[in-house]
Every structure is written in structure tokens, then in C-alpha cells.
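Chain residues, written in single-letter form:
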Amino acid sequence: MAADLWTALFIALLAAFTGYEVISAVPVLLHTPLMSGSNFIHGIVLVGAIVALGLATTDVERAIGFVAVVMGALNVTGGYMVTVRILAMFDRSKPKGGSK
Amino acid sequence: MSAVWIQETIDAVYVVAVLVFILGLKAMSGPTTARRGIVYAGLAMLIAVVATFFSSGISNTNFLLIFVGVAIGGLGGWYWAQVVKMTAMPQMVAVFNGMGAGSAGAIAAVVLLGNIGDHTIAALAVAGGVIGSISIAASMIAFLKLQGWIRSKPIVLPARQVVNTAVLVIGVALGIYAIIALQTFWLLPFYVLLLLYGVLLALPIGGADMPVVISLTNALTGVAVGLDGFALVNGPLGDAGYAMVIAGVLVGSAGSLLTFLMAKAMNRSISNVFFGAFGAKEEVGGEIKGQLKPMEAVDVAALMAYANQVIIAPGYGMAVAQAQQKVKELSDLLDAKGVTVKFAIHPVAGRMPGHMNVLLAEVGVSYDKLFDRDEINAEFPATDVVLVIGANDVVNPAAHRQGSALYGMPILDVEQAKNVIVNKRGQGKGFAGIENELFYRDNCHMLYGDAQKAIGDVVTELKKL
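Residue numbers (our numbering), protein chains in the order written: chain A, 9 to 108; chain B, 9 to 473.
Hints are computed from structural coordinates only; laboratory data are not their basis. Cβ atoms here follow ideal geometry from the backbone N, Cα and C, with glycine treated the same way. You may find that some hints are simply not true.
[As the list claims (entries may be wrong)] Some but not every residue of chain B turned toward chain A, in silico, with C-beta under 7 Å:
1. L31
2. K34
3. R43
4. Q169
5. V171
6. A174
7. T229
8. E370
9. Y375
10. G457
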């Protein structure tokens, strides 16, 4: 296996722990924004889609890459907008203070 | 030289973006910081995407295609997410999650077409393709069910375990065969079978289990993105791959934890949610004594007006009837009369995690009035009136009785209150198909009718008092 893959594996391990730790104490109140927000974050797939389409050499690759870019962009902006709208609704109320 | 400088800048942007994603996700764990978190994460994403445009090696033809694709998808997602009603949020999350999964599946296909000869990369791409395909298909079924375009009840096909397993195994085998035989043709049936598997997986899952499905497919998409990242790190422009590995795995692990928490709130394993076809059959047995006692809005209003404390336990019925505005009015009126009003939120009430919280926040119910099951259960014995709105299984005391299908599910112990009013459209059973003993208890009365109308009537009567 190439060195880059081992590096990526180390990174993946750390990222997995980070994801677990970061949300392990999240209140039910925020389950929706959390899910929606993480839905937005995997929109990073758009970056991969751009790279895949960017390096495509045949028409079939281009067609599939194009679909990937469109879907990735939908994920990013849709996921962002939905999260912002959900969180905007929490804005009116006052902080609960201390309680989880 | 300038090309190197640009590439390094892009890499630096990825590092910053990933850092902001983690901080953004962290900010999601507090109501006051969450909004800032998503805005920062959005900016980081924007910069990462823009930077990627300047990657070297992208021809002019491809550049134009990328630009058009981003414009179509970006504007489409933006517009769609903006116009959709708040009540349709669960299915929108499902759709956009499915889009991400589809993108991951398509990237895997492009990687496979170009790198079928490199076994390691091809294997990673096949894995990404498998998970991406399952996730998009399952998400789309979740969308169709939540939207009401297909039946929300479990759809159970004959010999489904055998058929499903066969579809999955043959599909994966075709993917592996394509790599070994270096024949990209077999990738087509590979994708078809895995998409089919995703559909078969989600069809037998009922509407009330959708929070778990959406959460799990979200985690799966994260994993698919991470696997694609692995497949890309060795290629040219590999640093985009690292960003995908981190963000994808981050979502995969956070999403898995969330899924697990939700399954636990129902006292069911994730595999039971997916393979149990829960709610497909009706339960017999458990003899129930007593009778259903209807109550008129005017009596409900009087009962609540003279209470010290009222707890409202909302469920999916409130969302369906879009009764949250009326519920808010009711809560305000009671407040004005000096009655303490609290809301009891069961973790799996509704169709997505935290669904009730979102609906109540939408109409401006302050979230210091909302309480988790664990926080509120001790308060029921000292509560005069509990108003259950369109919730059923999450308040069914059968959960405390051994042998019931609900046995062990942590519920809201509303039966301990002095009076329980249950608002329901009719006499139907809950999602689990189990008769609710609560409705027959001496201290329980039924307020029949569509939640919006029924609560509206109570509000009208309350104003007269």
C-alpha cells in the first residue's frame, strides 16, 4: 500500500475519535441541527467531484463527473440552507443556561 | 513555480477548512453557538470549493463543465431549501443527504473507470461505490415515504432477507470481479444491484423509524465520502482526498453515535430497526380493562385553567396537523393564567431527531420550557394535567410490561399524572400496532379530532373563561 494511504488511515482514525468526542454530549434539542449540520459537512464531497471531473479524460468520465458535481453542489447549498433555517428558529428564544 | 505556489495555497485552505468543520460541529452542541458554527463552516466550505477551481491540470473543457455543474446544483439546492416548508424538513435532509451519497457513488465510478488497474485504489473506490449507492437509494426511499408519495407503513416483500442478501452479495461480487478482470462493463450491473439493495433495505422500514434511517444514511454518506477520499489521495490533486477523509470520517463517526443514541432511546438495536420490519404486524394479547372516555374541549379548557402545572407531550400528530401554532397559543394563555406549562420531548417523537424541538422553536416556544424524557419523568406525579398531542407509542405503559413488543422502551410516564388528556384523530393504534393501555386508564380522557382544530377549540374555550 502506498505511503499516502497509510497517512490517510492515521488521519481517519483521529477524525473518527474527534467526531465521537465532539458530539458525545449533545442535547436532544440539537439533534436536528447536528444531523443537518453534519449532512452539510459531508458536502465536502463536492471538492472530490470537482477534482474527479477536472481530471476526467473520456466523455463517459465527464458525464459521470458532471453528475457528481451537480449532486455534490446540491448537497452543499441545500444542506447549508436547511441547517441555517433550522437554527434560525432557535434564535428567538433565550439561552437555557447551564442545563444540558 | 507559480503552479507550486497555487497548489500549496490550496492545501493550506483545505487544512483551515477542516479545522473550521470540526469547530463548527463542536459548536452544534450548544444552542447559542450553533448558528455561528454553521456560518463559519459554510465560509470554510465556500473557500475550499473556490480554491479547488484553481487546481492545476484542469482543462478548459472540464473547467467549464465544473462551473456549470456547480452553478446548477448550487443554485438548485439553495432555492429548494429556501422555499420548502419547515414541516418538510425531515425529507429535505434526506434528499440533500442522498445527493451527497450519489455524488460519492459517481466519484467512485469516475475513479474506477480511470484506475481499474490499480487494485488498492479500485478496491477503495468499489467500497465507496457500495456505500454511496446504498445510501442514496435508502435516502430517496426515506424521502418518498416522508413526502407521502409511497406508503409510509413497512412494505414487506416475501423472502426478503434471502433476496436482499443475495442482491448485496452478487452486487459486491460483480464489483470485485470488475477489478480482477479489468472489465469496467461489470460496474454497471454492480451499481444497479447496490441501488436496488438500498431500496429493498429501506422499503420495510416504517415512517416512525425514519429518524434512525436518516441519521444512519447520513453517517453512511460520510463513510462513502471518506472512502472516496482514500481512493483520491494517491492521485494527482490528492490533497482534496485528505480533506474528504477527515470530513467524511468525522461525519461517519458523529452520525453513527447519533444513530446509536436514537436506537437506544427506542430500546431497539439498529439491526432491529433495519431488518425487523417493526410495526408490520399487529400484536395480539395483553387484555385491557376499562373504556375510552371522550372529553369535550370546554371541559379540557376548564381542567387546564385551574391546574398548577400542565405538561404537553407532543408527537408526530402535532406535526401532521401543523398544530404547533395553536399549541403555542395554548401555552401562552395558560401562562397568563399563572399555570406552569412544560413540554415533555421524547427523543424519538416525530420523524427526525429533535423534530418536536424544531417545530416548537419555529412558533417561538422558548426552549427552557422543553424537557428531555429523563428530566421530566420525575415530575409527572406532581402534575395536574398532561396533554398528549398525537403521540402514542412513546407514552404507552405497555413498555413496562414484559412480553409486549414495546417492552423496555423508555417512555414518558404520563400515566402518573393526575389527569391525562390525549388528543388523537381517531381510535387507531400507534406505529407499533399495539393498543395503548394508557387510553383506558381511569385518569385518561380522549380529546378527539385533528390536532390543529381540537387544540384550537380548547384555546377558544380557554379565552372565554
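Going through the hints against the structure:
Proximity of B:L31 to chain A is violated relative to the hint, the smallest CB-CB distance being about 9 Å (cut-off 7 Å). Hint status for B:K34 relative to chain A: holds, with the closest Cβ pair at about 5 Å, below 7 Å. For the restraint placing B:R43 at the interface with chain A, the shortest Cβ-Cβ distance is roughly 5 Å, inside the 7 Å limit, so the hint holds. A hinted interface residue such as B:Q169 counts as satisfied when its beta carbon comes closer than 7 Å to some beta carbon of chain A; here the least separation is about 29 Å, so the hint is violated.
Evaluation of the B:V171 hint against chain A yields a violated restraint, the C-beta minimum of about 28 Å exceeding 7 Å. Checking B:A174 against chain A: minimum C-beta separation of about 27 Å lies over 7 Å; hint violated. The beta carbon of B:T229 is positioned within 7 Å of a beta carbon in chain A (closest approach about 5 Å), and the interface hint is therefore held. Given hint, B:E370 at the interface with chain A, holds; its Cβ is 5 Å from that chain's nearest Cβ, closer than 7 Å.
With its C-beta approaching chain A no nearer than about 5 Å, B:Y375 sits inside the 7 Å limit, and its interface hint holds. For B:G457, the interface hint is violated, since its Cβ never comes within 7 Å of a Cβ in chain A; the closest pair sits about 27 Å apart.
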